[in-house]
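Protein sequences appear in the order of chains V and D.
Counting the first sequence from 1 gives a position; the working numbering is that position plus 3.
Counting the second sequence from 1 gives a position; the working numbering is that position plus 3.
Bear in mind the hints are in silico, worked out from the structure with no lab data behind them.
To be clear about the criterion: a stretch of chain V counts as covered by chain D if any three or more of its residues have a C-beta under 8 Å from a C-beta of chain D, and this derived list gives those stretches:
1) 5-17
2) 46-58
3) 105-114
4) 152-161
5) 197-209
So the derived list for chain D, only partly shown, Cβ under 7 Å to chain V, looks like this:
6) Thr105
7) Asn150
8) Gly159
Computed from a prediction, not measured in an experiment: that's the story for all the values here.
Virtual Cβ for every residue (Gly too), placed ideally from N, Cα, C.
2 protein chains.
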Amino acid sequence: MSVPSETLLEALRWRYATKAFDAGRSIPDDLWQTLEDTLVLTPSSYGLQPWRFLVIRDAALKAELRPHSWNQSQITDASHLVVLLSRRHIEGRDLDRLIEATASSRGLDPTTLAGYRQMMAKDLVDGPRSATIERWASNQVYIALGNLMTAAALLGIDTCPIEGFSPPDYDRLLGLDDSDYRSCVVCACGYRSSEDRYSGLAKVRYDRSELIEQR
Amino acid sequence: MSVPSETLLEALRWRYATKAFDAGRSIPDDLWQTLEDTLVLTPSSYGLQPWRFLVIRDAALKAELRPHSWNQSQITDASHLVVLLSRRHIEGRDLDRLIEATASSRGLDPTTLAGYRQMMAKDLVDGPRSATIERWASNQVYIALGNLMTAAALLGIDTCPIEGFSPPDYDRLLGLDDSDYRSCVVCACGYRSSEDRYSGLAKVRYDRSELIEQR
Chain V
4 MSVPSETLLE
14 ALRWRYATKA
24 FDAGRSIPDD
34 LWQTLEDTLV
44 LTPSSYGLQP
54 WRFLVIRDAA
64 LKAELRPHSW
74 NQSQITDASH
84 LVVLLSRRHI
94 EGRDLDRLIE
104 ATASSRGLDP
114 TTLAGYRQMM
124 AKDLVDGPRS
134 ATIERWASNQ
144 VYIALGNLMT
154 AAALLGIDTC
164 PIEGFSPPDY
174 DRLLGLDDSD
184 YRSCVVCACG
194 YRSSEDRYSG
204 LAKVRYDRSE
214 LIEQR
Chain D
4 MSVPSETLLE
14 ALRWRYATKA
24 FDAGRSIPDD
34 LWQTLEDTLV
44 LTPSSYGLQP
54 WRFLVIRDAA
64 LKAELRPHSW
74 NQSQITDASH
84 LVVLLSRRHI
94 EGRDLDRLIE
104 ATASSRGLDP
114 TTLAGYRQMM
124 AKDLVDGPRS
134 ATIERWASNQ
144 VYIALGNLMT
154 AAALLGIDTC
164 PIEGFSPPDY
174 DRLLGLDDSD
184 YRSCVVCACG
194 YRSSEDRYSG
204 LAKVRYDRSE
214 LIEQR
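All chains, please: the whole structure from these sequences, using the hints.
Have a look at this one:
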């Protein structure tokens, strides 16, 4: 079932933050479905999935977003633009939703999960983490981003993670101002242009000895 | 080069937050090296790599950490315990370090990268993101966490991400109080115990239609 180490590392070395996408090339539907499945399968703290993912293919909407994204061409040229949204707050109803889904998936009586609900509530709703819940939720979304970029590389799909955008403008243009979610981070997905000079540059990583310490 | 969709999805469906590890089973050195390479290859904003990774194998240190980790058995039973550290602040010297590494990797004169340095400084050191730089750095670390969990699953290695620990106690026990890094999140890596009842439970994910919206 597992893949050889070299296959994994080759994919991770092949990937880079694509600056110029081939605007004429779309990700085939079946591969895109796999990436959506990947997003859905992303792990999260307690399994709470405090996120939503907007998949933007509409050219007019991409063009509207581009000036609010440091005018980066990836916004309009990438095949699929994903805006990863994080939940603004975590309340009792979020816990109830997960408890119901868990009971349903596993054929359990929801009341048997009361301890699990209480543990989450003490941590996220009533506990110290409630004061920084936006940060907690955005951390979870970045797990999804990491998972998405690695999965895409393994499938031969290019990505460019984008923090250089205006979340308030995105929220307004995407109609999120009155919703439970906010724009957290963006990931453009598609295929590199043969003319992207960045694709040929050496990857820059600090030495393993600077980054990893054995204890 | 790329892997079939089904291989990827099978690995992501196989993985789960392992609650009981087989304490007698170690990850072979060559596979562990691959996971360290995976961590080093993790993408980050601007390529700044605002992280370090402590790999803990020492049984005595694991035992010291466990009571500060909600007493979870994964801390002591997993083959390799990774503490992912995030940088506390981003300063000019962090930018210089990246500029030097970039110039060195790509055979460039560092002065040709002045615009790149200025862009980072305006955003992270002098700009609005400087006020929330710990959050920014922790977001990057969660990319590494997502990448690590997905890579491990593809290699047939089990993981358990752990937010249930006391960062101040970890920082103290790991000697980080006066360092540039703080304990951000933990990931236990190893092999599931055949007796972990969680391994057989159905995965709980909201419907794709609740999580993904096409625009």
